[in-house]
Amino acid sequence: MKTNDVILQTVAKVVVFLILTFSVFLFFAGHNNPGGGFIGGLMTAAALVLLALAFDLQTIRKVVPVDFRKVMAIGLMIALLTGIGSLVLDVPFLSHTFGHFDLPLLGDTELATATLFDLGVYLAVVGVTMTIILSIGEDH
Amino acid sequence: MKEVIVESLVGILILLGALLSALSSFGLIRLPDVYLRSHAATKSTTLGILSILTGAFLYFMLLDGHTSARLLLGIIFVFITAPVAGHLIGRAAYRTGVPLWSQSVQDDLRAIIEQEAQSKERGRNG
Numbered sequence: 001m002k003t004n005d006v007i008l009q010t011v012a013k014v015v016v017f018l019i020l021t022f023s024v025f026l027f028f029a030g031h032n033n034p035g036g037g038f039i040g041g042l043m044t045a046a047a048l049v050l051l052a053l054a055f056d057l058q059t060i061r062k063v064v065p066v067d068f069r070k071v072m073a074i075g076l077m078i079a080l081l082t083g084i085g086s087l088v089l090d091v092p093f094l095s096h097t098f099g100h101f102d103l104p105l106l107g108d109t110e111l112a113t114a115t116l117f118d119l120g121v122y123l124a125v126v127g128v129t130m131t132i133i134l135s136i137g138e139d140h
Numbered sequence: 001m002k003e004v005i006v007e008s009l010v011g012i013l014i015l016l017g018a019l020l021s022a023l024s025s026f027g028l029i030r031l032p033d034v035y036l037r038s039h040a041a042t043k044s045t046t047l048g049i050l051s052i053l054t055g056a057f058l059y060f061m062l063l064d065g066h067t068s069a070r071l072l073l074g075i076i077f078v079f080i081t082a083p084v085a086g087h088l089i090g091r092a093a094y095r096t097g098v099p100l101w102s103q104s105v106q107d108d109l110r111a112i113i114e115q116e117a118q119s120k121e122r123g124r125n126g
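As they're listed, the protein sequences go chains G and P.
Take 1 as the starting number for the first sequence in my numbering and just add one per residue.
Take 1 as the starting number for the second sequence in my numbering and just add one per residue.
Next up, chain G with everything else stripped away, as it sits in the complex (with noise of 0.2 Å):
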């Protein structure tokens, strides 16, 4: 069936870009203020069931050619990795550590170990989401 939705699909296209930029931005600012790999996550798969709801489910294979079965997997194993990391420096396992770097176009910056960790968990949040309302939409 065709149907008219020029104005859900062009103000999808619109907004998907501000949601996934403010998703990565509670992301990265999930260390000193409110947010976090969790709540990144969820805003990142609620963009794509955005683009899944204003479009249908092959455009969203077409566009985003990700299995998220695999993202799934890929995010617990940098959790475990992370974790594993401390023990090869010979302290107890998941103990994170932080130093201060120059980079280049942001200046001092405080990078954490805890931040990988924290992208493992988005990796399987957006995995995890995904692969619930893709398999659930699925017509057949």
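Careful, some of the hints might be misleading.
Unchecked claim - Label-pair distances were calculated between CB atoms; the ranges are:
no.: 1; chain 1: G; residue 1: L81; chain 2: P; residue 2: T96; range: 48 to 58 Å
no.: 2; chain 1: P; residue 1: T67; chain 2: G; residue 2: L105; range: 12 to 22 Å
no.: 3; chain 1: P; residue 1: L109; chain 2: G; residue 2: A112; range: 51 to 61 Å
no.: 4; chain 1: P; residue 1: V98; chain 2: G; residue 2: L116; range: 51 to 61 Å
no.: 5; chain 1: G; residue 1: A73; chain 2: P; residue 2: D107; range: 47 to 57 Å
Since the hints were derived computationally from the structure, they do not count as laboratory data.
Bear in mind that the values here come from a model prediction, so they are computed numbers and not experimental data.
Backbone N, C-alpha and C define an ideal beta-carbon position, used for all residues, glycine too.
Could you slot chain P onto chain G? The hints should help.
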């Protein structure tokens, strides 16, 4: 002096926003059908929320010296999405056959939808 001006401006904006939101809820209670209600619910609430957010944005920017990009983004986001939500609700209501108010006099979309249904029927038969 600056604080007095800023505070009264912010106060006016936030009271205006609250008043508009209250007006829109009265519209939701008083108006007779879905379309008139969505007219009341989308327009005045959007403006109400925009003025409340603008008030908060100005307050933090001028008194605390903290420019909140999140509030600015929220203003843009609500301004873009709220009318579209109203449009989609009205459209879904019309397509599922919710009747107009009994005293409505004009319904231009009805003829077009009937034409569409007829051409679909013809396509199925031919």
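| So does P:V98 sit 51 to 61 Å from G:L116, Cβ to Cβ? | holds (52 Å)
| That 51 to 61 Å hint for P:L109 and G:A112 (C-beta), does it hold up? | Distance hint for P:L109, G:A112 holds at roughly 57 Å.
| message | Against the range 47 to 57 Å, how does the distance between the Cβ atoms of G:A73 and P:D107 compare: consistent or not? | response | holds (55 Å)
| request: Starting from the range 48 to 58 Å, see whether the pair G:L81 and P:T96 falls in it by beta-carbon distance. | output: holds (51 Å)
| query | Quick one: are P:T67 and G:L105 within 12 to 22 Å, going by C-beta? | reply | holds (20 Å)
When the structure is compared with the earlier hints, no violation turns up for any of them.
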